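Asks: For the protein sequence lines, the chains are A and B, in the order given.
Residues 54 to 403 (the working numbering) are what the first sequence spells out, left to right.
Residues 2 to 333 (the working numbering) are what the second sequence spells out, left to right.
To be clear, the hints were calculated from the coordinates, so they are not data collected in a lab.
Please read these numbers as outputs of a predicted model, since none were measured by experiment.
Take the hints with a grain of salt, since some may be wrong.
Partner residues are not named here, just some residues of chain B that face chain A (Cβ under 10 Å, in silico) [what the hints assert, rightly or not]:
(1) K226
(2) K235
(3) S257
For glycine and all other residues, C-beta sits at the position ideal for the given N, C-alpha and C.
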Amino acid sequence: MAHDTLLEIRDLMTHFHLQEGIVRAVDGVSFEIRRGRTLGIIGESGCGKSVTANSILRLVPSPPGNIVNGRILLHRGDDSSDQEPVDLARLDPRGAEIRSIRGAEISMVFQEPMTSFGPMHTIGNQIMESILLHQSDVAASDARELAIENLRRVGIPRAEQIVDAYPHQLSGGMRQRAMIAMALSCSPRLLIADEPTTALDVTIQAQILELLTALQEEFGMAVMFITHNLGVIAEVADEVAVMYLGRIVEQSDVNELFDNPQHPYTQGLLNSIPHIDEEKLPRLRAIEGVVPDPYEIPRGCAFSDRCPSFMPGTCDRAMPGLDETGPGHRVRCFLFSEFEDELTEVADGR
Amino acid sequence: MLTQYIGRRLLLLIPLLLLISIISFALIQLPPGDILNMEVLRLRSAGTQVSEEQVEALRQLYGLDKSLPEQYWLWISNILFKGNFGTSFTYVKSVSEILAARVPLTALVSVLTAIFVWITAVPIGVYSATHQYSLIDYFWTFVSFIGVATPGFLLALIFLWIAFVQFGISAIGLFSQEFEAAPWSFAKFVNMLQHIWIPIVIIGMANTAGMMRTMRGMMLDELNKQYVITARSKGLTETRLLVKYPVRTSMNPVFSTIGWMLPGIISGEVLVSMVLNIPTTGPVLLQALLNQDMFLAGSIVFILSVLTVIGTLVSDILLVWLDPRIRYEGVA
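Sequences and hints are given; from them, build the entire structure.
Replies: Okay, here's the thing in structure tokens:
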């Protein structure tokens, strides 16, 4: 059977065991990333989107973080092969197998271009390090040429000079380009971009997004794009998952999500974007309240204390399931799913 | 660019050293009385008659009747142009002769102590940081607090006592008795190596303890930085990425303290050397200061200051050479 799916996450739970209690940063997340496609993950700070990304590459520091449940299945090889998928959740986070995947099959670009390169070594040195680590057929003498080639590919001018530059000599935008060059230096099948444009100013943001889209078309890798910016999601994603407090609350095709948002949280997010074409500018409609303290998540639906459609006696008693409401459109809300089913599940399960 | 920087720093050394020489000289002159008072007192208490004329003659002989600036000029010009540091009153020998035997040993003990400090403190600091709040981390934290808080001479005394009472060894001195007065030979050198680690460990203890904490703190800062996670996300092994990135960045204080570690070692060394009876400059300096043996004391203070200044220069050059951020921003 040909696999269109590259990465399959099933009921992932990553918890942090702290002195104050357990923080369920990721609490039962499932999604799939298909080859060559872009999944956007959106949510407020602290909703678990970065922890999800870090869980995939097993970069969550342990202690205190632990993957307590779930599977992260990576389908290696070409889509025609029948190779058994690897469950990343079961690998030793310091072992050789996960290290052979990091940077080679799945690589990552981070939010902070200012600090994501080590300050003591040149950009070229750090890119060459990735190349030499994963591509045993490349001679040390050729790695430099490849690094320059990679830098050129992400639109860095004078790449043969920049290769010898130190990180602090480059602007934020240039550093982020170099970061992308490094992440793509071993032609990964999946690029995880964790808020790659958040720290950049708007014009540079647009350039980096354009670059990522162009590179994706050219090299055909899948992208998992994490952001809290709906505008960015609209631009890059094929599919979107909205996260709130460690869970996916709505998931659908990008157009469907913007045209027909169903979860009150998604609607709230969309409403809080100012629209340029509105005649009279209304006050921005922010979502009421604040994200609850991770130790005091409300009973029942985690969003119930901020929800405009809150139904007393229902939403505060059980967590709704992520139910399909249309083709490829799933929502975690009692407005769309049967309350009784979940209640029995709660009584049975926890 | 780097050579330009070094050249500029070397030029700056000249006024600095001049200033240091003036201050060393002034410091020696500060306490009331001079070497002659001491000498006359000693002679008189021994029952020798010393007339005022004799004192005056001695005073002229040593140039003590001249004004301070003149005395200073005499002292420094002799050092600069003749390499003559003057004569020690108490030892009745030229200062150069006394120091020639002791300065190299002091330098050797200092350098070896510094190396001892680095090769113990850096790995322990790194381990403590990467295993924060583990049992071993707590153990080293405890050791380092004790190490910082215990004066070296006390440690030396305790050590001597244990060595003598428990093992019947006398841990005093740098050489065994048969080598004490012997000329330098390979056997004497080996014999010295067998003894020298004791003062090195004792003198280095406080510095090691401090450096351990510094290294641990620096590492803890660096370990959480994004670039460490980036390196991990590239698939590097933990050891390799630690050594290449955060350890390298954390080493800055290690290099920048070369300069001020020297005076620390030397002042710590004075008392320890007294206790352990090691033929370095420390005990001589103390004796010279007590006796107001001005040429000897002044010369030692001056030479040690020069070593410190050079140490600082070396550490600055190392930093500029090793840290590209300093190299490109501070210098160019």
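Asks: Indicate, hint by hint, whether the structure satisfies it.
Replies: How the hints compare with the structure:
The interface hint given for B:K226 is met, as the beta carbon of that residue sits about 6 Å from the closest beta carbon of chain A, less than 10 Å. The restraint placing B:K235 at the interface with chain A holds, with a minimum CB-CB distance near 4 Å, inside the 10 Å limit. A distance limit of 10 Å between C-beta atoms decides the matter here; for B:S257 the minimum to chain A is near 15 Å, and the interface restraint is violated.
Figure legend: structure checked against the earlier numbered hints; the only hint not met is number 3.
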